[in-house]
Amino acid sequence: MEVTGMLTGAQLLAHVGFPATEVLGPDASEDQIQAMIDGHGLVFVKPVFRGGVGMKGKAGLIGRARDLRTALAEKERLYFAEHRHGNATAKANGVTFEAGVPAEHEIYFSITDDTRYRAPTMTITHRGGVDIEELDKTEIASIPFDALTGLKAFVVANALTDIGAPKEVISPLVQHLPKLWELMHHYGMTTLELNPIRMRPGKEGRLTPIACDFKCGFDRDDPRVGRLGLPPHLFAADISDFEQEVNQLRTHQGQSDVFVINEAGSILAPTFGGGANSLVTEVLGEAAIISSDFGGNPPYEKMKAVAAICYRHFLKQTNVLFIIGGKSNNTDILETFRGMGDALREHFSKHGPVPLYVVVGRGGPNLVRGMGNLADTLDSLGVPYRFFGFDSAISEVVNYAKRIDDWMRAGGREQIARSMNIAA
Amino acid sequence: MRQQAISGLPYFLGLDRLEAIASPEDRVCVLNILGGESRTVTPVSNAFSGGNVVFGTSPGRSGQVLKTPAGDIPVFNTVLEGIRAGHSFNTGVVYLPPAGVRDGVAELIRVNPDLRKIVIITEKIAVHDAREIRAMAQANGIDVIGGNCLGVADSWNRVRIGGALGGDHPEESLVKGSVAIFSNSGGFTTTIAQYLTTAGWGTTTLISSGKDVYIQYAARDFALAFAKDQRSKAGVLYAEPGGYYEKNIDWQKPVVACVVGRWKAKLTRAVGHAGAMAGSGDSAEDKERWFMEAFGVGGIYTPETPHVSAKGALVTNIADIPAALTAVMALNGIQPDFAPRGSLSLKPWIANDQGLTLPPDLVLPTVVAPAPYDEQIAVRSQQIGAVMARQSMKDASGASLMDPQTQVTSVHGHRVLDLALQPLEAMFALPLVHEIADAHDRALLDVAVAAEVNLVGDPILLAADAARDAGNSPNTVMSVAAAITGPRRVERALACARALITLFAQSGLCDGRDDDFDVSDISVDDETRALFLATPEDADDPRPEAMLAAIKARGGKSVFLRFLLGFDQRLSRDAILAAITTTIAWGPLARKRISRLTAETLPWYLRLYGVMVGATIPGEHHRSGSLWGIPREERFSHWTMADICCLAMTGKKPDPTEALYVQILIGLLISNGPGSITAQGAKGAVSADGPQTPGRVQINKAMVGFLTHSGYSHGGNGFEGMAFLLEQFRGKGLKDPTDPAHGLDLTAMAREFALAYKREKAQAKELGTEVRALPGVHHPVFKGKSENFDPRERFIAKFMEERGEYNVFHRFYRELVRQLYEVGASRYVFCVNVDAIIAALLLAVLWKDHQAGNMTDRNLETAAFTIFLFGRMIGAAAEIDDHLNRGRNMDTRTPASACKHVV
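Read top to bottom, the protein sequences are chains P and F.
Here our numbering = 1-based position in the first sequence + 19.
Here our numbering = 1-based position in the second sequence + 11.
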């Protein structure tokens with residue numbers, strides 16, 4: 020759940036009264052753009068991406084215009100721009116027009132929870148506007164501070180003094196930056212980054228920090244995010260329909276974390292436990308349709324609902340239904356297996372049977388009762404299966420599931436379909 | 012309150028050695044002790060730790076207790092209330108929902124000056140709250156473990172605090188030894204401990220750290236306590252990407268680190284462990300590098316590439332931990348704690364390939380699970396056959412399903428269209444074995460049913476004749492026979508089937524036809540043996556010998572019959588029937604396709620099949636040793652069920668083509684799904700007897716239920732199509748309806764009728780009367796296109812075409828729908844529906860007899876009705892068996908609120 024760019028960023032900064040550059044959205048009229056150029060002399064045209072997309076400047080995706088014609092040409096160039104960052108490709112849908120802010124100084128500022136200190140940590144440099152990893156460490160201050168007292172003016176002042184920031188920027192920053200802690204801490208953010216903050220001279224030469232780019236990450240487990248009233252579509256790029264549906268069942272009682280690994284995969288693996296999730300997804304590789312963690316002792320109804328969603332989206336393409344976890348500590352195997360088995364039976368009743376092989380690797384409370392219940396269900400459906408206990412190495416069970424998948428691809432699926440008297 | 016901190020650290024850390032993490036002296040207070048998770052976990056922890064939980068809180072529930080094997084734990088509204096009641100504790104455990112965790116921590120810190128540490132089990136704590144918890148704990152000198160963890164445990168002192176490490180049997184995994192475990196994964200904390208035992212390593216302290224962004228007790232903290240712990244000779248660390256917790260740690264003892272999650276670089280948000288998201292420089296590869304540098308190894312340890320040093324090894328698969336640890340410790344001259352227990356090789360506990368042929372390397376045989384799971388599995392394996400969950404089966408069926416689009420019904424996954432092409436015996440067996448019977452089983456079935464058809468000397472025959480003479484419809488006559496075939500008439504046969512299943516249940520027999528199966532190990536007591544033997548009352552029954560001879564003549568194989576014949580005494584007909592049904596049922600039973608209940612009741616169904624078919628043959632044709640002139644031996648040894656059904660309708664053996672079409676007709680009529688009236692009748696009858704006490708359900712009465720729910724409108728209407736065709740072909744000189752050279756101008760005939768129908772329609776419109784419906788034409792579902800088809804009719808037409816067969820009546824129907832359209836009697840080309848096909852096929856079979864005067868119109872009507880009953884008898888058996896296995900008592904009731912009153 021990330022937000023980048025000033026279109027939303029300026030609205031968020033307004034919650035704590037932090038100055039931001041003037042922004043127009045994709046629907047800005049030519050008159051409005053012209054007025055912005057008249058007022059500021061320079062506008063930046065930036066594509067609007069959903070979610071967290073960085074490095075736009077380096078990719079040549081920031082346009083500059085001093086006249087309307089150029090501004091409109093840049094709008095046309097960038098409106099549907101594509102941007103590859105990391106493993107993902109983002110497609111823009113719209114542009115913003117952001118007023119240029121004349122300034123001598125550009126500041127980088129961020130707050131995040133730094134695991135080295137296990138505390139909220141401010142990072143600041145007066146040499147902002149660039150990728151700060153390119154800077155010398157002596158020019159950057161990373162200062163942890165107390166979460167209970169928050170980011171105080173003196174923390175900012177000390178840091179800026181330590182890195183030798185110009186005197187004229189210290190006072191305005193000390194005055195404004197602590198507001199950003201309020202924004203970050205009280206609205207469910209995990210990270211907040213402004214780069215650059217341009218120090219705009221005002222009357223009598225006093226500088227005002229103006230946020231010119233914005234990036235933040237939200238904690239999806241923090242209800243404080245709701246205080247901002249952000250429209251859900253802002254985060255829509257983050258998740259598929261399937262993930263959206265499953266995540267609606269997300270509570271602290273039983274996980275329902277999923278991530279679609281490969282839409283065209285053939286092993287559907289409801290996985291139990293964060294560790295198992297890590298290991299299983301790693302070993303399954305591209306065969307995995309989803310990466311999931313359904314552990315945390317979900318009650319029967321929740322397990323059944325989650326399984327039903329998984330089946331509805333992916334069972335048709337699935338060769339192996341692979342129920343896998345370590346030796347569970349508190350997840351009740353009978354409840355979870357009963358939920359998944361009953362969901363499978365109902366899926367077969369409603370949508371028709373599919374050729375399937377079920378592999379299970381599990382341990383935990385009520386193990387044999389759970390396995391027995393699932394076995395009875397699979398027997399009644401005519402679905403073949405092999406269940407491993409916790410005394411088989413989990414990675415070996417994963418490899419076994421992969422070998423079954425290979426066999427399914429090489430004619431096994433047809434064989435099962437024939438035995439179930441259905442189409443492969 | 013602030014306790015003594017370890018000196019020299021830039022932050023507070025009180026836990027200076029592992030022994031202090033979960034010590035026998037710790038006294039615990041559990042927040043939200045009566046919450047769902049704590050309610051099941053805390054009693055086990057408390058009992059394992061010898062009663063270390065002094066009290067718990069649950070606002071509004073003060074005065075209650077949580078019962079545990081180590082005594083009741085008192086519950087208070089608040090921590091302060093508990094302390095005021097005289098309880099003291101040094102350890103808080105938090106099971107509160109995420110939104111309440113921060114406040115719970117504050118409560119513990121503020122009201123209890125003796126507090127030393129807090130274990131937070133709750134997951135999905137907001138980072139905001141974790142930040143503040145860290146700050147509060149640091150300010151007040153309290154150690155925190157978690158959140159999103161499973162707590163801590165000590166195998167030496169048998170103490171478990173917080174979560175459920177080791178599950179509900181901690182003693183299985185928490186085995187005393189010399190290895191400390193620190194794991195980001197709660198599940199893997201236990202799993203790693205259990206894996207270590209396979210290489211002979213036990214544990215000291217186990218810490219599930221959680222893997223949120225804030226790991227309150229982290230690897231660095233663990234390293235300090237581990238270094239000072241005299242009991243721990245080695246450590247195992249499980250870590251995932253995200254965070255710098257494991258960087259630059261000075262491990263002073265050997266460690267095996269497992270880093271999993273390279274793939275997580277693909278993630279754009281966390282899955283499972285909220286903190287397992289790499290930022291910059293803390294990916295899985297980065298962490299692997301940290302550990303390799305710390306251990307001075309050149310790569311990742313795998314069995315093929317065993318990179319180890321005396322300092323440690325890095326693995327990326329937890330299954331490699333035991334071997335890596337053993338290798339590291341060997342370099343330190345330290346041997347495992349005890350002899351290896353078990354192995355991590357693949358060991359299936361329960362499997363069923365459902366009769367598929369998998370490649371040999373995938374067919375891993377099941378192995379005996381470790382205790383106590385072995386006994387539990389053994390108990391389960393003694394249950395033979397499928398177990399089905401009971402539910403309300405009103406308007407629902409696990410046996411049949413009609414596709415609302417095509418109107419094609421499937422029974423146990425087989426479309427009736429496909430079934431119609433199967434031998435009739437296979438259709439009769441399907442409802443009961445849920446699979447298509449092969450030639451061998453069909454032959455056995457032929458013998459079993461043939462032995463029941465001749466009712467000479469049986470009161471059923473008198474009753475059926477009396478019912479027939481009273482002018483009853485064929486279904487009513489049949490129901491008389493079914494009603495008399497009550498529980499006592501099948502008591503011994505069912506007892507025989509039950510006994511055979513019990514005798515062989517644990518024998519390992521997979522196929523009831525297995526000639527090589529050794530039956531000498533099956534021991535039987537005298538009482539059971541007597542069950543199978545003919546009694547003096549059976550002395551005059553010639554059928555046992557005739558059945559045995561027929562089975563031999565047909566090459567029948569049966570382990571059960573072989574076993575019974577081993578008694579070397581005369582067997583009863585019931586025993587042979589039970590041996591046949593158990594032979595047919597054994598494969599599906601062993602593969603758990605059918606329940607034991609189904610297998611045990613199979614003789615009843617076969618007897619009913621035979622009796623119901625037999626009752627359609629008038630009494631005068633049942634003679635001792637022959638039926639309608641056909642000698643017993645011939646019927647038993649050579650006739651198929653299709654032949655017998657044909658005999659019942661026509662009084663003669665059909666030629667192969669006639670038999671084929673009788674079979675197809677019966678197949679098409681098997682079922683119209685659970686919503687059909689016949690199915691409702693059968694299901695209602697089962698429901699009324701109460702399927703939850705299956706022994707009381709009268710299967711014959713359920714057959715009567717189906718029969719009373721058929722009638723002249725539902726079943727008897729098949730004759731309407733024939734009557735229509737008879738009218739059209741009367742006086743036309745048609746000799747052989749299957750000969751394309753019949754010399755008739757079907758187009759002209761159809762056009763003539765269509766024009767007359769059009770006039771009739773116009774007249775009816777003028778008079779405002781109803782237009783008569785044309786039987787076999789049109790269908791409410793298959794209409795509305797310019798040219799319409801019933802897929803069932805198309806299926807049969809294609810089948811006939813492929814066989815080069817011809818049916819003049821079918822052709823006439825095709826012409827008729829075209830001409831109705833051509834002359835303007837219909838707005839589009841109607842479909843020829845499945846009723847027309849049935850009429851056309853049946854009339855073709857009976858045409859010659861009808862023309863020769865051997866069959867009256869009344870006989871035709873009876874034949875049409877009877878063939879419906881034969882087909883639906885199969886469908887009814889499927890519904891009865893299904894409802895018996897799955898249904899609940901009286902589940903077909905309609906609630907009063909859903910019923911309507913009309914005036």
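A portion of the hints provided could be inaccurate.
Unchecked claim - Taking lysine-lysine and the DSS-like style, the derived pairs with C-alpha atoms no more than 30 angstroms apart in a straight line are: (1) 663(F) with 809(F); (2) 664(F) with 568(F); (3) 568(F) with 421(P); (4) 568(F) with 369(P).
Said to hold, decoys possible - Each pair of labels, with its calculated beta carbon distance range: (5) 60(P) with 16(F): 50 to 60 angstroms; (6) 292(F) with 186(P): 32 to 42 angstroms; (7) 71(F) with 198(P): 54 to 64 angstroms; (8) 114(F) with 251(P): 45 to 55 angstroms; (9) 73(F) with 281(P): 27 to 37 angstroms; (10) 245(P) with 366(F): 13 to 23 angstroms; (11) 227(P) with 292(F): 47 to 57 angstroms; (12) 552(F) with 320(P): 26 to 36 angstroms; (13) 251(P) with 292(F): 52 to 62 angstroms; (14) 335(P) with 91(F): 49 to 59 angstroms; (15) 71(F) with 318(P): 17 to 27 angstroms; (16) 251(P) with 406(F): 38 to 48 angstroms; (17) 722(F) with 251(P): 24 to 34 angstroms; (18) 108(P) with 703(F): 52 to 62 angstroms.
Derived by calculation from the structure, the hints in this document are not laboratory data.
On a predicted model such as this, the values are computed, not experimentally measured, just so you know.
Ideal Cβ positions, reconstructed from N, Cα and C, are used throughout, including at glycine.
Status of each hint after checking the structure:
1. 663(F) with 809(F): Between residue 663(F) and residue 809(F) the Cα gap is close to 29 angstroms, so the pair holds against 30 angstroms.
2. 664(F) with 568(F): holds, 27 angstroms
3. 568(F) with 421(P): Cα-Cα ~40 angstroms, so violated.
4. 568(F) with 369(P): Outside the cut-off at roughly 40 angstroms; violated.
5. 60(P) with 16(F): 50 to 60 angstroms: holds, 58 angstroms
6. 292(F) with 186(P): 32 to 42 angstroms: holds, 33 angstroms
7. 71(F) with 198(P): 54 to 64 angstroms: violated, 40 angstroms
8. 114(F) with 251(P): 45 to 55 angstroms: violated, 29 angstroms
9. 73(F) with 281(P): 27 to 37 angstroms: At 53 angstroms between Cβs, range violated.
10. 245(P) with 366(F): 13 to 23 angstroms: violated, 55 angstroms
11. 227(P) with 292(F): 47 to 57 angstroms: Violated, at about 35 angstroms.
12. 552(F) with 320(P): 26 to 36 angstroms: Violated, at about 57 angstroms.
13. 251(P) with 292(F): 52 to 62 angstroms: violated, 33 angstroms
14. 335(P) with 91(F): 49 to 59 angstroms: holds, 57 angstroms
15. 71(F) with 318(P): 17 to 27 angstroms: Between residue 71(F) and residue 318(P), where Cβ atoms are some 22 angstroms apart, the hint holds.
16. 251(P) with 406(F): 38 to 48 angstroms: holds, 39 angstroms
17. 722(F) with 251(P): 24 to 34 angstroms: violated, 59 angstroms
18. 108(P) with 703(F): 52 to 62 angstroms: About 58 angstroms separates the Cβ atoms of residue 108(P) and residue 703(F), which means 52 to 62 angstroms holds.
The structure is inconsistent with the numbered hints 3, 4, 7, 8, 9, 10, 11, 12, 13 and 17, although it conforms to all the rest.
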